[in-house]
Amino acid sequence: MGMTMTEKIIASHAGLEEVKPGQLVNAKVDVIMAHDITGPPAFKALKNNGLVDYVDSKKVVLVLDHIVPPKDIDSAMNCMAVRQFAGEKNIEHFYDVGQGGIAHNVLPQEGLVAPGDLAVGGDSHTCTYGALGCFATGMGHTDIAAAMALGEVWLRVPETLKFVYNGKLGKYVTGKDLILQTIGKITVNGANYKAMEFVGYAIRSLPMEQRFTMTNMVIEASGKNGVMPVDDVTKDYVKGRVDREYKIYKSDEDAKFEKTYEFDIDNIPPLVAKPYSPDNIAPVDEVKGVKVDQVFIGSCTNGWLGDLRQAAEIMKGEKIAKGIRLIVIPATMAIYRQALKEGLIDVFIDAGGVVSPSTCGPCPGLHQGVMGPGEVGLFTTNRNFRGRTGHPEAKIYLSNPYVAAATAITGEITDPREV
Amino acid sequence: MQLAGKAYKFGDNVDTDVIIPGKYLVTTDPARLAPHCMEGIDPEFAKKVQKGDMIFAGENFGCGSSREHAPIAIKASGASCVVAKNFARIFFRNAINIGLPILVCPEAVDYAKSGSSAKVDTERGIVDVDGKSFEADPFPEFITSIIQKGGLMEYVKERLKQKQVPVSSSA
Ligand code: SF4
Chain A
-4 MGMTMTEKII ASHAGLEEVK PGQLVNAKVD VIMAHDITGP PAFKALKNNG
46 LVDYVDSKKV VLVLDHIVPP KDIDSAMNCM AVRQFAGEKN IEHFYDVGQG
96 GIAHNVLPQE GLVAPGDLAV GGDSHTCTYG ALGCFATGMG HTDIAAAMAL
146 GEVWLRVPET LKFVYNGKLG KYVTGKDLIL QTIGKITVNG ANYKAMEFVG
196 YAIRSLPMEQ RFTMTNMVIE ASGKNGVMPV DDVTKDYVKG RVDREYKIYK
246 SDEDAKFEKT YEFDIDNIPP LVAKPYSPDN IAPVDEVKGV KVDQVFIGSC
296 TNGWLGDLRQ AAEIMKGEKI AKGIRLIVIP ATMAIYRQAL KEGLIDVFID
346 AGGVVSPSTC GPCPGLHQGV MGPGEVGLFT TNRNFRGRTG HPEAKIYLSN
396 PYVAAATAIT GEITDPREV
Chain B
29 MQLAGKAYKF GDNVDTDVII PGKYLVTTDP ARLAPHCMEG IDPEFAKKVQ
79 KGDMIFAGEN FGCGSSREHA PIAIKASGAS CVVAKNFARI FFRNAINIGL
129 PILVCPEAVD YAKSGSSAKV DTERGIVDVD GKSFEADPFP EFITSIIQKG
179 GLMEYVKERL KQKQVPVSSS A
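Line order of the protein sequences matches chains A and B.
This note's numbering numbers the first residue of the first sequence as -4 and each following residue consecutively.
This note's numbering numbers the first residue of the second sequence as 29 and each following residue consecutively.
Calculated from the structure, these hints are not laboratory results.
Hints are all accurate, no fakes.
Chain B stretches covered by chain A per the calculated footprint, using a threshold of three residues with CB under 8 Å from any CB of chain A:
#1 37 to 44
#2 50 to 61
#3 92 to 105
#4 111 to 121
#5 173 to 184
Each computed SDA-like pair below joins lysine to any residue, with the alpha-carbon atoms no more than 25 Å apart:
#6 A/Lys23 <-> B/Gln190
#7 A/Lys23 <-> B/Gly178
#8 B/Lys189 <-> A/Leu46
#9 B/Lys185 <-> A/Ala9
#10 A/Lys42 <-> B/Glu186
#11 A/Lys390 <-> B/Gly86
#12 B/Lys76 <-> A/Glu388
#13 B/Lys177 <-> A/Arg151
#14 A/Lys42 <-> B/Asp57
#15 B/Lys141 <-> A/Arg381
#16 A/Lys269 <-> B/Gly39
#17 A/Lys23 <-> B/Ile175
#18 B/Lys177 <-> A/Gly17
Which chain B residues face chain A? A few, computed with CB under 10 Å, are given here:
#19 Gly68
#20 Ile69
#21 Asn125
#22 Ile126
#23 Phe170
Backbone N, C-alpha and C define an ideal beta-carbon position, used for all residues, glycine too.
All chains, full assembly: derive it from the sequences and hints.
Quick look at the structure:
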């Protein structure tokens, strides 16, 4: 019996010829990520149990991204704990504020994760890296501490769901819309404990960044990991970034998928997720006219350079509507620098927006751009659960960067095809 | 472990943002997290909940973020366990890792109402709601062994004894 990509990657890291869904295995990890929220308690668990010496520094990537620069003494102490651990263990891949950006964008950008790898991270959106053809999944901080000490994790081999996308994306329709459509179809519980494999013509024609946007939101369907086949787009992306050998895994012809979903995407319009769930999907038309207070373009989902280009394409020469605010956050400092060079930052500032350094920003409701009671936001982020970005009565809509930019100009949710 | 208390019933897809909102994530101190447990879905929960009380919930409890603060807050609030139709996978691991008892028992969830009196025998996997008994789905042996060892870090230490020497040379 053949195996899926996910099964093959897990099998090879578990030193097994074959694995089956449901099986529990111990798998070697290649990369372990932690940030300023999950790092400090993980280090504490290691210290309290006398396990710090077991940590292989080469596998560890530490990124300060959630509350940086710190907003208060607690968050300053979290950053201190990460810096201290990075120093003590001589961690080469430590990114302080201003040096990296959001972890899920920094790791692929810097070539720290490669096709065929098994990566875990102390953050649920670690699944982002799977677009590279690797296995990547998020865990809590005790699991991350355990992975650091052991160099391995226990995993239940997931069943794989296959998603096939046929056809061509329309204008102002992106990978974000494909994944929103998918979550809308299978719901936020649709892939719990499962792997999601994305294939088809539309995936092959997506640029790497938009592929990451899709695997990023696998967790919004409660998926364990998402994968995409490695092709020339993947190889081009990792060229010059990944400086080690990597392995390409492909699902066998006779691999067993628990279920296959097919999407004809020719007629998918730009979509939005309405409050309070990422599976509450509607065509942008249906919510057009909803007044917004804040537009946020950024996050690990849509803070890529291509996303900023899309937004700037709509906003060039325009002003944001009176009474609303626009926050733009390039996901990494490298993206920030390139956006500066291309004049994208000027477009946003000229329009009346504020551009912040590369962090999670308003997305987790921890720091800059927190929403007040009853306020309405249009965000390019990945979740809009109640209270996610501030007050429980704030309402967040999720969309792609085109919709976000068009909305910033008019002050109400707007179909970019109509501006 | 024998647990007993009142049931608090919740629906499907209770996410970690409502279990413990992001603004409290700067700390993992249980005492600071407890007063905000379930704040996003029932702002009075932390005040009402008595030691031993239980959360009964539908599908996919704990979906969303990887924050271990969620099971920590529940445990610290005084709630003794969570009985759900199923759990989001990261929450499931986190709960096992920190020693918050969780049980998968859809029938008991359907039967329970807020205010029901509930008893749980964690070893035997029996959930009793208003005098009616239900059997929870058993966990795989490996997961039971983590629970019995007292959490993941104890398992890690044992596993290291079996197989490894410190790799401090690479530090
Ligand atoms: S941008 Fe948002 S979703 Fe992404 S890592 Fe940061 S908080 Fe999490």
